[in-house]
Amino acid sequence: MTRREYILAQRARHGRRALAVLPVAYPRELPTALDLLAVELWGPPGPPRSDAAGRIQAYVCPVVRNALAFLAAGGADAVDGALFPHTCDSLQQLATLAADLGGWSRPALVFQHPRGPGRASTRAFLDGELRALAAGLERLAGRALEPERLAWAIDLHEEIDGLRAALLDLGPRSGLGERARYALLRRGEWLWPEEHLAELRAALAARPPAPEAPRGVPLLVTGYVPEPMALLDVLESAGARVAADDWAAVGRRVARTRTEGEPWARLLARHEALPPCPTRAADQAGRVRHLEGLLDRSGARGVLVHTVKFCEPELFDVPAIRAAFAARGVPVLHLETELEVEPPAQAVTRVEAFVELLSSGRAA
Amino acid sequence: MLRRARYELAGRAVSPFLSRLEGWRRRLRPRPGRSGRGGASPFGPPLEAARKLKELMTAHYFQGRFAEGAVPVAWVTSGFPVELLRPLGYHTLYPENHAALCGVRRLVPALSDAAEHEGYARDLCSYARTDLGSLLTGETPAGRLPRPDLLACCTNICQTVLYWYRALAARLGVPLVLVDTPYVYGEAPPHHAAYVRAQLEEAVAVAERVARRRLDPAALRETVRLARDGSRLWGECLETATARPAPWTGFDGFFHIAPIVTLRGTEACNAYYRLLRDELRERVRRGVGGLREERHRLLWDNLPIWFAVREVSSLLAARGFNFVCTSYTNAWAEAGSRVDPDDPLGSVGLAYTHVILNQDLPHRLDTLRRLARSYGVDGAVLHSDRSCKPYSIGQVDLKERLARELGLRVLLLEADHDDPRAWSSEQADTRLTAFMEAFA
Amino acid sequence: MSAAALGVDAGSTTCKAVAVDGAGRVLARRVEPASPRVEEQVERLVAALRAEAGAGPEVPLGATGYGRKRIRAGRTLTEITCHARGAFSLARRPGLLVDVGGQDTKIIRVGPSGEVLDFAMNDKCAAGTGRFLEVILGRLQIPMGEVAAHAAGPAAPVPVSSTCTVFAESEVISLVANGAPLEGIVKGLHRALASRVAALARGASAGGLDVLMSGGVALNGAMVEALREALGRPVAVVPEPQLVGALGAALSVLPGAPAA
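So the protein lines, in turn, are chains A, B and C. Throughout the first sequence, residue numbering follows our numbering, covering 779 to 1142 in sequence. Throughout the second sequence, residue numbering follows our numbering, covering -3 to 436 in sequence. Throughout the third sequence, residue numbering follows our numbering, covering 6 to 265 in sequence.
Excised from the complex, chain A in its bound form (with noise of 0.2 Å):
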């Protein structure tokens, strides 16, 4: 079943709208209390769908040029409107010129999650913000956000979440390969959330009793999104695993935390309970030290950073992250995508030159 017909058949069968949302971090209990189902759209990888690309100069990252031809080419039909996170410059114009100039018709709303370090400001302008936003959704969903309705997403996302976690943390003692693990995590981009908790619950339930201890050299990814997807196959014939994932799209949205009390404070605290992501931090420091927890913990030997052509968010890290490692003598590979469906050959040269490297065991 393609997403859209997947999205038809939830508004047939169980009477659900849909919205299109834009990476990266949104508030995703909002929606699902509305019943609406939220659809990311991370791309799509490949050309770009339409010639819109055109209308966004080839020097901005894929992710918006390939988004914008997606949603212009009507790829989003089957929606009822579109969410765009005020996530970085480039998608803050997105959202402008799809909407506003031509490219997305229909119903088109914002969030600003607030940047910097936390401050009392930040927190009275994020209630602010989530209070804004579902008012949007409401109208959106065409009926009102209940209390009780809002909990029980909570509840749910926290589930989801911890088992995101667990799935993460496994690797390959899931019993899946790599490729197969990360379908099924990013399948939460567009599932239903009550079917992807199915699917997380069954997948660990799964899992093999007695493993064996993981092989391949375990690595810290951080960076954008898994795409290619191929990459993931690479890495795994290659003779590497994802020890710990800081992935924007995947890891990096865990919020590995129980939250507790009145729906609106839960949903403040499991915002600020995310990993620490240069779209929203001041703090570069803090950053660091927290992949520097990722590595230690997951005992990973090489990190690699993969980031999106462009993006500036990531690529003003990227010294950092190189000086901590080197400091430690970790090796780092920093390797780009540009939303291919399939890995260059100099990606997968470099990536395995890297494993080589690793397994060289010599590294310094």
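There could be a bad hint or two in this list.
Stated by the list, open to error - Below, computed lysine to any residue pairings styled on SDA-like, alpha-carbon distance capped at 20 Å:
#1 B:LYS50 to B:ALA190
#2 B:LYS395 to A:ALA836
#3 B:LYS395 to A:ASP878
#4 A:LYS1087 to A:ALA1063
#5 C:LYS74 to A:GLN1124
#6 A:LYS1087 to B:HIS113
#7 C:LYS74 to C:ARG49
#8 C:LYS74 to A:GLU1014
#9 A:LYS1087 to A:LEU1052
#10 C:LYS74 to A:VAL1126
#11 B:LYS395 to A:GLU1116
#12 A:LYS1087 to B:ALA138
#13 B:LYS395 to A:GLN835
#14 A:LYS1087 to A:GLU1040
#15 C:LYS74 to C:SER166
#16 C:LYS74 to A:HIS1112
#17 B:LYS395 to A:VAL1126
#18 C:LYS74 to A:ASP1011
#19 C:LYS74 to A:PRO1122
#20 B:LYS50 to B:THR262
#21 B:LYS395 to A:VAL1119
#22 B:LYS50 to B:GLY115
#23 C:LYS74 to A:GLY1017
#24 A:LYS1087 to B:ASP119
#25 A:LYS1087 to A:PRO825
#26 B:LYS395 to A:ALA856
#27 A:LYS1087 to B:SER343
#28 C:LYS74 to A:ASP829
#29 A:LYS1087 to B:ARG273
#30 A:LYS1087 to A:GLY1071
#31 B:LYS50 to B:ALA138
Said to hold, decoys possible - Covered by chain A, according to a simulated footprint, are these stretches of chain B (three or more residues, beta-carbon under 8 Å):
#32 63 to 72
#33 113 to 119
#34 173 to 180
#35 184 to 196
#36 350 to 359
#37 400 to 407
Keep in mind that the hints were calculated from the coordinates and are not lab data. Yeah, the Cβ is synthetic: ideal placement off N, Cα and C, and Gly gets one too.
Given the structure of chain A, go ahead and fit chains B and C onto it with the hints provided.
This is chains B and C only, laid out in the frame that chain A set:
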């Protein structure tokens, strides 16, 4: 005490002399540039005020050499509400302005190389690479830059400044005050204004702590008044270009903008613009143009191409084309003129949130349309600046709409504001010349 | 002759193969422009080497290069690892290996046992590779063999942009049309390529390392000189610079070769 005295003295006594010295040196240095036809310059007489501008800016940078340890020093983004810092006695440095200076002097490739060696990708904003390169190498055409006690960042011009200033904060180990101005899609809802206001108060608290001084409300009001007046004066200077012929070129404006960006809220800035305005008005009265023969009037959008200002300006002037208005220079006339001494924090929050780069594309289009109409332009050049995403994304559509709705000829010119490695003289020449030929 | 191993480097521009003895000395070699039919070409070259070096089917084959996965070999490794091993066996010391090939450029920091400590490769862009020179010198109708002669005289280098091969090509045409001396242009081109390579080298290196150069472009003396100038350090060219990858591949299948 002594350091403070030296700092004050540097500004007043020594630097005017130094700037004159620099002027003589430059006259003696052979100047690069295109050889024109014949040898007669297409430009009108140079502005007298330019000499004063040189003195003012040289004084400021010279004074900066004595700032460390004498007064608190802040490095500030161009869109930061500096009105909050001035009354606390901060010496302010604008890394963007410094990077522009490096661009004009063609120092960016070497500085960027140093930043790239450190691991900063060449795809990042050339201002940031220049600044980081300067920090890493200690190289600067401005003698010596004072290290900051405070970094002041406002995201109203872009998010990149935040990533850049985070990196600076980590390297320099100094506090970073952030004013995060949410982007205005349509209209800013009340909780956005409350957020900005609250951040201004938080910023003041940090700035006070670092300066070891309380912000005096009367001094704040006065600074806000000066900033408002300065912006209005700058606006009056720009408006003189509605005359035919325009008394100066748009590219002159790129240089004369320095005081309103870097010295906003000071007497010196306003005194300068009064001088400039009066000279420009006089030229309008006498019919003296920025070009000897103004045949076509153009609008420029986006940042200047700092390392090619003379080149582009000469190429256009030779055929009688003048940039009579630019969205860039206009931005500083608009924003600052909305601040209100009777409601400093509130008005400052509002004004700085509504700068052109922090508002949606329909607003940008309106601004460009308005400028095109009031200045009576026949065409426009939109500089597609690879370093500046918020300014550049949307230009393809803006180009089409300006052409369709106003019947303008519009050129989208790919370049970069500071890095000449993203520029091909040959290609640019061809495009600009073809553009001009279409007017015939 | 007692060949102990064979190595092939199926690059995108040229295909190289060597036979080595137990001590890693090259006994026989082949270099040809790369054919799109990699398997056929490699089979033919390997058969010819086996014949020349008296190496029977029991003598193992190591493979590297762009087309390595289509070769039936005892061992397949990336050209980064193979170049490091090959260069180390020739130079016998750690250092910074700069390999400028026809279509890509690699900078490899080689450790005290010939292992890879760090590496960098050029981005998807021909401007930092041999293709830059090939295209432009081709337009100027200067055969590669005559390049050094064209760069030999006293004329000052004419600055040429190094950002993009196509930009640079149009710039060069303009320069020639405006009467700039050919010698100056040729020097300028070499400088431009050297500056790109040097910038890439700075990304992977620690200062003070010996610099070794390999790859087809190392056969161009003017390029070696330009790189020396750009790096500000002596640059030594490994003997038979094109064969370094194939040599490394062969060494990898010698008995006792390191794992990974």
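Hint by hint, here is what the structure shows:
1. At most 20 Å may separate the alpha-carbon atoms for a hinted pair to count; B:LYS50 and B:ALA190 exceed this at roughly 40 Å.
2. For the suggested pair B:LYS395 and A:ALA836, the alpha carbons sit about 16 Å apart, so the restraint of at most 20 Å is met.
3. Restraint check for B:LYS395 and A:ASP878: the C-alpha separation of about 15 Å stays at or below 20 Å, so the hint holds.
4. Taken as a hint, the A:LYS1087 and A:ALA1063 pair is broken in the structure, with Cα atoms around 23 Å apart against an allowance of 20 Å.
5. At roughly 14 Å between alpha-carbon atoms, C:LYS74 and A:GLN1124 fall within 20 Å of each other, so this suggested pair holds.
6. At roughly 19 Å between alpha-carbon atoms, A:LYS1087 and B:HIS113 fall within 20 Å of each other, so this suggested pair holds.
7. Simply put, C:LYS74 and C:ARG49 have alpha-carbon atoms about 17 Å apart, close enough for the 20 Å limit, and the pair holds.
8. Between C:LYS74 and A:GLU1014, the direct Cα distance comes to roughly 16 Å. Compliance with the 20 Å bound is thereby established for this hinted pair.
9. Straight-line distance between C-alpha atoms of A:LYS1087 and A:LEU1052 comes to about 24 Å, which puts the hinted pair past the 20 Å bound.
10. Of the supplied pair hints, the one linking C:LYS74 and A:VAL1126 holds, its CA atoms being roughly 12 Å apart against a limit of 20 Å.
11. Using a Cα cut-off of 20 Å, the hinted pair B:LYS395 and A:GLU1116 is violated, with the two alpha carbons roughly 27 Å apart.
12. For the suggested pair A:LYS1087 and B:ALA138, the alpha carbons sit about 34 Å apart, so the restraint of at most 20 Å is broken.
13. Using a Cα cut-off of 20 Å, the hinted pair B:LYS395 and A:GLN835 holds, with the two alpha carbons roughly 13 Å apart.
14. The suggested pairing of A:LYS1087 with A:GLU1040 is violated, with an alpha-carbon distance near 41 Å, which exceeds 20 Å.
15. Between C:LYS74 and C:SER166 the alpha-carbon distance is near 37 Å, which puts this suggested pair outside the 20 Å criterion.
16. The hinted pair formed by C:LYS74 and A:HIS1112 fails the criterion: a straight-line CA distance of about 24 Å is larger than 20 Å.
17. In summary, the hint linking B:LYS395 to A:VAL1126 is not supported, as the alpha carbons are separated by about 40 Å, beyond the 20 Å threshold.
18. Restraint check: the Cα-Cα separation between C:LYS74 and A:ASP1011 comes to about 15 Å, which is no more than 20 Å; the hinted pair holds.
19. Restraint check: the Cα-Cα separation between C:LYS74 and A:PRO1122 comes to about 14 Å, which is no more than 20 Å; the hinted pair holds.
20. About 17 Å separates the Cα atoms of B:LYS50 and B:THR262, which keeps this hinted pair within 20 Å; it holds.
21. A threshold of 20 Å between alpha carbons decides the hint, and for B:LYS395 with A:VAL1119 the separation of about 32 Å lies outside it, so the pair is violated.
22. At most 20 Å may separate the alpha-carbon atoms for a hinted pair to count; B:LYS50 and B:GLY115 exceed this at roughly 35 Å.
23. Under the criterion of a C-alpha separation no larger than 20 Å, the hint pairing C:LYS74 with A:GLY1017 is consistent with the structure, at around 16 Å.
24. With a C-alpha separation of about 8 Å, the suggested pair A:LYS1087 and B:ASP119 falls inside the 20 Å cut-off, and the hint holds.
25. The hinted pair formed by A:LYS1087 and A:PRO825 meets the criterion: a straight-line CA distance of about 14 Å does not exceed 20 Å.
26. Annotation: proposed proximity of B:LYS395 to A:ALA856 is violated, straight-line Cα distance about 31 Å (limit 20 Å).
27. Between A:LYS1087 and B:SER343, the direct Cα distance comes to roughly 39 Å. Violation of the 20 Å bound is thereby established for this hinted pair.
28. A hinted pair counts as satisfied when its Cα atoms are at most 20 Å apart, and C:LYS74 with A:ASP829 does not qualify at roughly 36 Å.
29. Between A:LYS1087 and B:ARG273 the alpha-carbon distance is near 46 Å, which puts this suggested pair outside the 20 Å criterion.
30. Taken as a hint, the A:LYS1087 and A:GLY1071 pair is broken in the structure, with Cα atoms around 26 Å apart against an allowance of 20 Å.
31. Between B:LYS50 and B:ALA138 the alpha-carbon distance is near 13 Å, which keeps this suggested pair within the 20 Å criterion.
32. Coverage of the segment 63 to 72 of chain B by chain A is violated in this model, with 0 residues showing a Cβ closer than 8 Å to a Cβ of that chain against a need of three.
33. With a threshold of 8 Å between beta carbons, the proposed coverage of the segment 113 to 119 of chain B by chain A holds, since 5 of its residues qualify and at least three are required.
34. For the segment 173 to 180 of chain B, the stated coverage by chain A holds: 4 residues have a C-beta nearer than 8 Å to a C-beta of that chain, and at least 3 were required.
35. Using a Cβ-Cβ cut-off of 8 Å, 7 residues of the segment 184 to 196 of chain B lie near chain A, which meets the minimum of three, so the contact claim holds.
36. As drawn, the segment 350 to 359 of chain B meets chain A at 3 residues by the rule of a beta-carbon pair under 8 Å; at three or more, the given contact holds.
37. A count of 0 residues in the segment 400 to 407 of chain B with a Cβ less than 8 Å from any Cβ of chain A is obtained; the coverage claim is therefore unmet, three being the minimum.
In terms of the numbered hints stated before, the structure departs from hints 1, 4, 9, 11, 12, 14, 15, 16, 17, 21, 22, 26, 27, 28, 29, 30, 32, 37, listed from lowest to highest.
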